[in-house]
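Student: Input sequences plus hints: build the corresponding full structure.
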Amino acid sequence: MLATLAIASLARHRTRTVLAILGVAVSAAMLLDMVMLSSGMRESFRGLLLSQGFQLRLSPRGTLPFDTEATIRGADSVLAVVRARPTVVAASPVLGGQLHFPTGGATITASALGVEPAVQGDYELVAGRQPAAADEIVANDATLRAIGHSLGDTVRAAAGYDPQLRTFSGERTLRIVGRVRFIYLALDQRAVALPISTLRAMGGPSSADRMSLAMVKLRPGADVERERAALHAFLPQVTVTSTAQALEQVDQRLSYFRQLAVILGSVSLIVGFLLVTTLVTVSVNERIGEIAVMRAIGVHRWRIVGQILLESSALMLIAAPLGLGLGLLTARWLDGILASFPGLPERIDFFLFQPRAAWTALGLLVVSGILAGIYPSWRSASLPIAGTLRPAAVG
Amino acid sequence: MRLHLGQLQSLLGYGDRVDRFAVATRSAEATGDAVARINASAFGFRAHRSTDVAVETSKTFAVVSRFHRAIGTITIVASAIFLLCIMLLKVDERRRDVAALRLIGCSERTIVGSVVLEAAAISVFGSLFGVVVGGTASFLVNRHYQAVYRTPLRFSIVTGDIVVFAVALALVLGIVAGWLAARRLVRTPPLALFGR
Chain Y
1 MLATLAIASL ARHRTRTVLA ILGVAVSAAM LLDMVMLSSG MRESFRGLLL
51 SQGFQLRLSP RGTLPFDTEA TIRGADSVLA VVRARPTVVA ASPVLGGQLH
101 FPTGGATITA SALGVEPAVQ GDYELVAGRQ PAAADEIVAN DATLRAIGHS
151 LGDTVRAAAG YDPQLRTFSG ERTLRIVGRV RFIYLALDQR AVALPISTLR
201 AMGGPSSADR MSLAMVKLRP GADVERERAA LHAFLPQVTV TSTAQALEQV
251 DQRLSYFRQL AVILGSVSLI VGFLLVTTLV TVSVNERIGE IAVMRAIGVH
301 RWRIVGQILL ESSALMLIAA PLGLGLGLLT ARWLDGILAS FPGLPERIDF
351 FLFQPRAAWT ALGLLVVSGI LAGIYPSWRS ASLPIAGTLR PAAVG
Chain B
396 MRLHLGQLQS LLGYGDRVDR FAVATRSAEA TGDAVARINA SAFGFRAHRS
446 TDVAVETSKT FAVVSRFHRA IGTITIVASA IFLLCIMLLK VDERRRDVAA
496 LRLIGCSERT IVGSVVLEAA AISVFGSLFG VVVGGTASFL VNRHYQAVYR
546 TPLRFSIVTG DIVVFAVALA LVLGIVAGWL AARRLVRTPP LALFGR
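Note that the protein sequences, when read in sequence, are chains Y and B. Quick note on our numbering: the first sequence kicks off at 1 and runs consecutively. Quick note on our numbering: the second sequence kicks off at 396 and runs consecutively.
Just so you know, not all the hints are guaranteed correct.
Stated by the list, open to error - Partial list, derived from the structure: chain Y residues whose beta carbon lies under 8 Å from chain B: (1) Met30; (2) Leu275; (3) Thr277; (4) Leu328; (5) Trp333; (6) Leu334.
Since the hints were derived computationally from the structure, they do not count as laboratory data. The structure displayed is predicted, hence computed values, not measured ones. For each residue, glycine too, the CB sits at the ideal point set by N, CA and C.
Tutor: Structure, rendered in structure tokens:
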């Protein structure tokens, strides 16, 4: 009975109801987007960091991985200490650098990662195989396009320049054995990976026994924070960062987007709330005589309050699925814009859909709908019956 | 911190190397000429115009700016619907007045015109109030982020162009919403508006 009356009341003013549903749908879409933005980035980055199963990262003391060009000295002894720990399953060293490929008159430069192919966690093989020999290399599509080579080709590459002699330094002939996708790099960023020993040799004495980073995989169930503290105590020359700490850093650096999400999400909710409150208030004012008649024939005050609350909640609930669909579409559009951030890893999503986000948005909408109906419903149910009926009857 | 170049090179064991040179030229033509000549003879480095470097390094801000524009578009759509809804309600509230006006002989055009005028006035006053709210919000945003990032940079600027655009948009939306709502009302028979 309550629901029938509420629906009949909404159906009486179709244009108004449709506009209200549209307005609330746009607010709901914005709200969902902002809920997705506030948590999506963090979850997406977390997924990226844990995608290869490495829970700890070792970088030069006082730095974050690849934040500076600093490297760790005595890399082999550091790795030996790490690998000797009983909780460590694998440790993957990475040396960052650049390789220059002379092509015709120009030189193409690409980021180079020196890795141990058997334990690396920086790229996924798309075609071909891992480098097995010292002169083998894998490259991503952006590099292969730029240098005009493909799988199986050999290329000349150098690790640096000698401007005084006008020659390349650390030059080698390398064979491309794999096409890969780098996990932590942007899609259009040119990059290659090769055995760390080769990159060290090409870099000369300054690269000997160096690494930029080591990623550590622990046994399932191992206490990550305890192991981090232990490694930190054993290796004073490095900073050991756990995934949780890396996420804290991300939170700090991207706090702008989180704050924006909170502000815009709140504004969307307030706009939706105001829209429904206004509509329900006007609708109740129009039916004030009708409500007084209902009270006069014995309908309880709480039933009237319930009917009006149902009306406001129904507006929100009908608009919610439309808004959630619209929100997913706009999230894709907004994510496409933010994906063009320079250097952003391909797999990072700013707007990551999680069922929790949808439920949060829906819950906020329902609460907002109920709150929006409280004032008009209480006001209408509290009016004196005779005093209201008389002007309504006289007209 | 700042150090003498030689001292930093020695401290880092960097040798006779620098990350970049800044070159001052006499004119824009001289800049183009210098870039071309340096790049023709350079090996292992390249010369770039400062403007090109600025464009390249401001890509992040360009993306943020595009994101803000997209959010702005969504906000405009939401406010347009909101405004249309409110105008519809405002006009609907006066159905008895409109019916009376129609019955005493006022033309549809006069009624629509008066409603549109009222909608335009509400839009202008509303948007001017919005400008004050926006200006205050911009001031608070700048104060907050300047304190957070310890910078004199301004994060939000309300320019004359933005104010004109906001007021004009609100005016257009208000007039369209008022016109649609008024048209709907004057097409209803006056007695039906009275509820008879």
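Student: Determine for every hint whether it applies to the structure shown.
Tutor: For each hint, the structure was consulted:
1. Met30: 6 Å, holds
2. Leu275: 6 Å, holds
3. Thr277: The hint is violated - Thr277/Y has no Cβ within 8 Å of chain B, the shortest such distance being about 12 Å.
4. Leu328: 14 Å, violated
5. Trp333: Holds. Min distance 7 Å.
6. Leu334: 6 Å, holds
Consistency with the previously given hints fails for numbers 3, 4, ordered from lowest to highest.
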